[in-house]
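Undergrad: Put chain B on the given structure of chain A with help from the hints.
Protein chains: 2
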Amino acid sequence: MGKNYESRETMMGASTKQGYDIASKSREIVRSLIEAKIKNLSSKEQSIVERIVHSTADPEYAEITKISSNFIDESIKSIKAKKGILTDINMVKAGINKYEGEINCYISHDDAIKLAKDEQITRAAAAIRIAHQNDFDGIIVIGNAPTALFEAINLVEKEGMKVRSIIGVPVGFVGATESKEALTNANIPNIITKGPKGGTPVAVAITNSLIRMCDD
Amino acid sequence: MGKNYESRETMMGASTKQGYDIASKSREIVRSLIEAKIKNLSSKEQSIVERIVHSTADPEYAEITKISSNFIDESIKSIKAKKGILTDINMVKAGINKYEGEINCYISHDDAIKLAKDEQITRAAAAIRIAHQNDFDGIIVIGNAPTALFEAINLVEKEGMKVRSIIGVPVGFVGATESKEALTNANIPNIITKGPKGGTPVAVAITNSLIRMCDD
Numbered sequence: 520m521g522k523n524y525e526s527r528e529t530m531m532g533a534s535t536k537q538g539y540d541i542a543s544k545s546r547e548i549v550r551s552l553i554e555a556k557i558k559n560l561s562s563k564e565q566s567i568v569e570r571i572v573h574s575t576a577d578p579e580y581a582e583i584t585k586i587s588s589n590f591i592d593e594s595i596k597s598i599k600a601k602k603g604i605l606t607d608i609n610m611v612k613a614g615i616n617k618y619e620g621e622i623n624c625y626i627s628h629d630d631a632i633k634l635a636k637d638e639q640i641t642r643a644a645a646a647i648r649i650a651h652q653n654d655f656d657g658i659i660v661i662g663n664a665p666t667a668l669f670e671a672i673n674l675v676e677k678e679g680m681k682v683r684s685i686i687g688v689p690v691g692f693v694g695a696t697e698s699k700e701a702l703t704n705a706n707i708p709n710i711i712t713k714g715p716k717g718g719t720p721v722a723v724a725i726t727n728s729l730i731r732m733c734d735d
Numbered sequence: 520m521g522k523n524y525e526s527r528e529t530m531m532g533a534s535t536k537q538g539y540d541i542a543s544k545s546r547e548i549v550r551s552l553i554e555a556k557i558k559n560l561s562s563k564e565q566s567i568v569e570r571i572v573h574s575t576a577d578p579e580y581a582e583i584t585k586i587s588s589n590f591i592d593e594s595i596k597s598i599k600a601k602k603g604i605l606t607d608i609n610m611v612k613a614g615i616n617k618y619e620g621e622i623n624c625y626i627s628h629d630d631a632i633k634l635a636k637d638e639q640i641t642r643a644a645a646a647i648r649i650a651h652q653n654d655f656d657g658i659i660v661i662g663n664a665p666t667a668l669f670e671a672i673n674l675v676e677k678e679g680m681k682v683r684s685i686i687g688v689p690v691g692f693v694g695a696t697e698s699k700e701a702l703t704n705a706n707i708p709n710i711i712t713k714g715p716k717g718g719t720p721v722a723v724a725i726t727n728s729l730i731r732m733c734d735d
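As given, the protein sequences belong to chains A and B, one line each in that order.
Going by our numbering, the residue at position 7 of the first sequence is 526; the numbering climbs one at a time, nothing skipped.
Going by our numbering, the residue at position 193 of the second sequence is 712; the numbering climbs one at a time, nothing skipped.
With the rest of the complex left out, here is chain A:
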C-alpha cells in the first residue's frame, strides 16, 4: 500500500492518499473552528476533541467534551497492556479499528437477553453485567445507552468491576445527561460530553484516537 496512512493519529482513519488528503483538509478546518476553545487542553486532549469534531461536523463538542485528568494516561496504559474494550452496542464495536486486544459487546448475547428479562432491566445494562460476570478488565465505551453507563458505574462502585476508564458519551433526552453527571462524580477516569448529545461516532472517535496514540 506504499505509505501507511493509518500510522499517525493525525490521519483520522484515512487509508488511501485520497482519504488522507480529505482528512488533512478536514483537520485544518476543524482546527480553525475550535482552536480558541481548546487552547488550554493538552495536545493529546486537543487531538481527541479534534477527532470528535471531525467525525460529527459539530463544533459544539469542543465546548461540551470534558476529560478527567487521569483519563488519557489510564486509557493508554490499558490499551498498551491489550486489556479489553467493552462497548454498549455493536455499532460502536464495528467502528473501532486496529485494536490488538479483545473488543466485546454482549447486547445480542442470549445471556444478556435472558438477564434483561429476568431482572427487568434494559438489554444494554444487562450486557454490562454479563461482561462483569465474564471477568472483564479494561475500558468501557458507552456510545448509546445511559442505562449501560449507570450499570457500569454501579458495578465498579458496588462490585469492584475492573474498569480502567470509561468513555461515557451516551446520547438522548432521557437519562443521558444524568448518567454522564454520575460518571463525573464517580472515582473513575472518564471522558464525557455534557448534556444530551453524544453517540456512536463520538465514542468511536475517542476510542480510535486513544488507540492511535499508542502507535507512536
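The hints are simulated quantities; they were obtained by calculation from the structure and are not laboratory data.
Quick caveat: nothing in here was measured; it's all calculated off a predicted structure.
Warning: the hint list may mix true and false statements.
Unchecked claim - Selected chain B positions facing chain A (Cβ under 10 Å, derived; list incomplete):
# : residue
1 : Ile-548
2 : Ala-613
3 : Gly-614
4 : Ala-701
As the list claims (entries may be wrong) - Listed next, the in silico EDC-like pairs over lysine to aspartate or glutamate satisfying Cα-Cα at most 20 Å (straight line):
#  : chain 1 : residue 1 : chain 2 : residue 2
5  : B       : Lys-585   : A       : Asp-577
6  : A       : Lys-633   : B       : Asp-540
7  : B       : Lys-536   : A       : Asp-734
8  : A       : Lys-617   : A       : Glu-700
9  : A       : Lys-617   : B       : Asp-540
10 : B       : Lys-713   : A       : Asp-577
11 : A       : Lys-544   : B       : Glu-697
Ideal placement from N, C-alpha and C gives every residue a C-beta, glycine not left out.
TA: Below, chain B alone, put in the same frame as chain A:
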C-alpha cells in the same frame, strides 16, 4: 418476551419494557422540541425526522433534513421486495436491524482495497463500484463518506446502477455538503441533511425507520 416492543415504528428500537418506556418518554420530548418545525411533513416523514432527533439528541436535524417526494414510497417498495441495502461503512451496516433482505458493505473487501489503490480513489468510493459490479439493486445508505455518495450518483447516471433510493447523509467539512447538493440535483429518490452534519446514527435512524414502516 411477551409483547414485542420492536413491532411498531414508534418504539425506536426498544426491545424490553424498560427500553420502551425510555423510547416513549424520549419521543414525547423530541416531539415537543420539533413539532412546529415538522408540522408540514407527512406522518411518515415526521416519523423519520423524529427518529433522527431521538438518535442524535440534536433538534437541528428537524431543519436540515430534506426528503424528496418519491423517497419514502420508493424505499418502502424496495424494502418490501427485499432488495439489497448497501452501506458505505461497516458501522452503518452494524446498526441496521431486522432486515429480511441482504445488507452489504464492501469497504473491507480485498476487491475494494485493490480497486482503490489501482484507481487512486477512496476505499469508500471503490466499495460502491464493487457493489455495482456485483449487480447491486436496492437502497444505498451513505452515513460517512462524501466520495462514496459522489460515486453512487455517478454510477447511477453514467452506468445505470440499479438504485431505488439513496439515503445521503455523509458527514464532514470536506465534500459532504457538496455531495448532498449533487444528490438533490440528481434524478434519484433521496433524503439528505443539508450542510456538513450527518453521520452513522442519522443513516441508521432513517434506514431502521423505513424498515419498521414495512412491518405495519
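Undergrad: Could you run down the list of hints and mark each one as holding or not?
TA: We went through each hint and held it up to the structure:
Because the smallest distance between the Cβ of Ile-548(B) and any Cβ of chain A comes to about 4 Å, under 10 Å, the interface hint for this residue holds. Residue-level restraint check for Ala-613(B) holds (minimum Cβ-Cβ distance to chain A is 4 Å; threshold 10 Å). Interface restraint check for Gly-614(B): the shortest CB-CB distance to chain A comes to about 4 Å, inside 10 Å, so the restraint holds. Below 10 Å, beta-carbon pairs count as interface contacts, and Ala-701(B) has none with chain A, the closest being about 16 Å; its hint is therefore violated.
Taking the CA atoms of Lys-585(B) and Asp-577(A), the gap is near 19 Å; set against the 20 Å cutoff, the hint holds. A threshold of 20 Å between alpha carbons decides the hint, and for Lys-633(A) with Asp-540(B) the separation of about 19 Å falls inside it, so the pair holds. At roughly 43 Å between alpha-carbon atoms, Lys-536(B) and Asp-734(A) are farther apart than 20 Å, so this suggested pair is violated. For the hint linking Lys-617(A) to Glu-700(A), the alpha-carbon distance of about 31 Å lies beyond 20 Å, and the restraint is violated.
With a C-alpha separation of about 37 Å, the suggested pairing of Lys-617(A) with Asp-540(B) is violated against the 20 Å cut-off. For the proposed pair Lys-713(B) and Asp-577(A), the alpha carbon gap of about 13 Å is at most 20 Å, so the pair holds. Taking the CA atoms of Lys-544(A) and Glu-697(B), the gap is about 15 Å. The hint holds against a cut of 20 Å.
Comparing the model with each earlier hint shows violations of hints 4, 7, 8, 9; every other hint is respected.
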